[in-house]
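Trainee: Protein sequence lines correspond, in order, to chains A and B.
The numbering used here puts the first residue of the first sequence at 9, with every later residue one more than the last.
The numbering used here puts the first residue of the second sequence at 9, with every later residue one more than the last.
Heads up, a few of these hints could be off.
Because identical chains cannot be distinguished in the list, a pair is counted as satisfied if it fits within a single copy or across any two copies.
In the DSSO-like style, the derived pairs of lysine-lysine whose C-alpha atoms are separated by at most 30 Å in a straight line are [to be verified]:
| id | residue 1 | residue 2 |
| --- | --- | --- |
| 1 | Lys279 | Lys111 |
| 2 | Lys288 | Lys61 |
| 3 | Lys61 | Lys279 |
| 4 | Lys137 | Lys111 |
| 5 | Lys269 | Lys111 |
| 6 | Lys279 | Lys210 |
| 7 | Lys279 | Lys160 |
| 8 | Lys169 | Lys56 |
| 9 | Lys169 | Lys61 |
| 10 | Lys219 | Lys111 |
| 11 | Lys264 | Lys169 |
| 12 | Lys191 | Lys270 |
| 13 | Lys269 | Lys169 |
| 14 | Lys192 | Lys137 |
Please keep in mind that the hints were generated in silico from the structure rather than gathered at the bench.
There are 2 protein chains.
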Amino acid sequence: MLAVTILGNNSAVPAFDRHPTSQVVTTDGTSFLVDCGEGTQIQMIHYKIRRSKISHIFISHLHGDHYFGLVGLINSFGLLNRQQDLHIFAPSPLQQLIELQLKVADTTLPYNLYFHTIRNEGVLLDEEKFSVKCFHTNHRIECYGFVFAEKKRLRRLLPDKAREFDIPSSFYDRLTHGEDYTKKDGTIIRNEQVTAEGAKGKMYAFCADTKYDESIIPHIENSDMIYHETTYLNNLAERAAARFHSTSSQAAWITKKANVKKLIIGHFSSKYDTLEEFEKEARSVFENTELALEGVTYLV
Amino acid sequence: MLAVTILGNNSAVPAFDRHPTSQVVTTDGTSFLVDCGEGTQIQMIHYKIRRSKISHIFISHLHGDHYFGLVGLINSFGLLNRQQDLHIFAPSPLQQLIELQLKVADTTLPYNLYFHTIRNEGVLLDEEKFSVKCFHTNHRIECYGFVFAEKKRLRRLLPDKAREFDIPSSFYDRLTHGEDYTKKDGTIIRNEQVTAEGAKGKMYAFCADTKYDESIIPHIENSDMIYHETTYLNNLAERAAARFHSTSSQAAWITKKANVKKLIIGHFSSKYDTLEEFEKEARSVFENTELALEGVTYLV
């Protein structure tokens, strides 16, 4: 199960009780934090996010509304006596900034903090059950989107078939991993005879801050869900482009062209006190759109 | 009028809806921000603080719970198109940290930001109506308390006396500034004959983070009000001392010994979910004590 919980859905300045960008991506008991605007740790308390489950933090770019809450979270993890390793993936010079702040406070963390500086597109993590890749987005400063992909699941056992071929149940686990079974008389029962294709792994893409740019499509194509920013409505498309941001209909067009199943829109400008128009505009292009609402979990 | 509004009353880690240290000191239309923990700008919105009125920010020390919200506030001021100068007084290397963060975001502020690095005790501001001084406190890293002092008010005109000596009302303003009046016949009416002593200016001291240390007394002596930290209750006095913090009864003893009129206690440890005991303990030593409650304004 892949799921995304929104902690902050606003752009630069906090307003109307909306907070700067942050979201938690969860897959099979592992939690990733994506961006960490100011106040993220307070939002985590508010929405009862289990902070100790966060093992990796991905920062898209070094505009403050995407990372000013990170040093406070790192610090609080220390004060709460965290023991587990913490990995941070971010563009340079975030490591330098954080380390300087820890140094001037004379802080020694009780856990290992590993920085991984992102310098280009590519694979950031490749684990048994999932991978995380990053790709360039088109923003005013160096900025990355992230793709979280669950790996293909195990093959699904067909118990009636397995019994029919007299395969002992102790071998079932190996069947789900794709092995053939050889009977005592030498007959080979091919795996495909007793199992079916496993479920396809889900894929979620966080498209960070970006102006409308179709060059991100190959990276997010066929995702089950993406998050795309929509700082403005379409009547401010020029302003959006000038500031390297997108509108709701642009977010929806990218989603449609990339053959994505579901779109979550966020990063709303503080000039808007309500959000209905964002949803309406996006849905007029791509129906399966949801507003990124703080505290809400979206299943991929 | 001198007043203090509490924005954050908790120590290091946010908890129980309490926030890290920040308070607004207001005198005659000028507002000073003292410390700026993470989320201060959100607390300002919450409590309807007029952010544009803040002209000076004083940071006591570089532990994160006292300054992690500063860069976000500086950034938001820019996005809100602030025009007025902003002065920041803080120990080194805060200037370097903030400037690096603005630089990596490619941010140009629309207002002038002036850094004043505090290197020792002394006068930070000496204006017509008030002064601000800083003094060392006894903490784990370099740390300063701040004394806000209104200057003595103008002399108070005694109208009956002024009329008795036939002083024209057009001269009254100069009388309140302490001038003598010379009649046409050369007779001098001494100022003291027609005016009384002006009201004494109020004095407020923010004692920052500190262990119990009587060496701060000369700096805060005879204040009308002080804020003193009380991270722990007295049964944890040893822990308090080891961490360079104070207990409630220690805060109260300092207040009493310094002949201060009123004490506000804050910087409560996150291990306490309620605050009644802090008040009770402090009042057993010094009756005129109040808890620093977020959103509450205390008149000096």
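Trainee: Against this structure, judge whether each hint is valid.
Mentor: Outcome of the hint check:
no.: 1; hint: Lys279 / Lys111; verdict: between (38 Å within a copy, 25 Å between copies)
no.: 2; hint: Lys288 / Lys61; verdict: neither (36 Å within a copy, 39 Å between copies)
no.: 3; hint: Lys61 / Lys279; verdict: between (35 Å within a copy, 22 Å between copies)
no.: 4; hint: Lys137 / Lys111; verdict: neither (36 Å within a copy, 39 Å between copies)
no.: 5; hint: Lys269 / Lys111; verdict: neither (46 Å within a copy, 39 Å between copies)
no.: 6; hint: Lys279 / Lys210; verdict: neither (35 Å within a copy, 41 Å between copies)
no.: 7; hint: Lys279 / Lys160; verdict: neither (43 Å within a copy, 45 Å between copies)
no.: 8; hint: Lys169 / Lys56; verdict: neither (45 Å within a copy, 69 Å between copies)
no.: 9; hint: Lys169 / Lys61; verdict: neither (40 Å within a copy, 77 Å between copies)
no.: 10; hint: Lys219 / Lys111; verdict: between (37 Å within a copy, 22 Å between copies)
no.: 11; hint: Lys264 / Lys169; verdict: neither (41 Å within a copy, 86 Å between copies)
no.: 12; hint: Lys191 / Lys270; verdict: neither (46 Å within a copy, 89 Å between copies)
no.: 13; hint: Lys269 / Lys169; verdict: neither (34 Å within a copy, 87 Å between copies)
no.: 14; hint: Lys192 / Lys137; verdict: neither (34 Å within a copy, 100 Å between copies)
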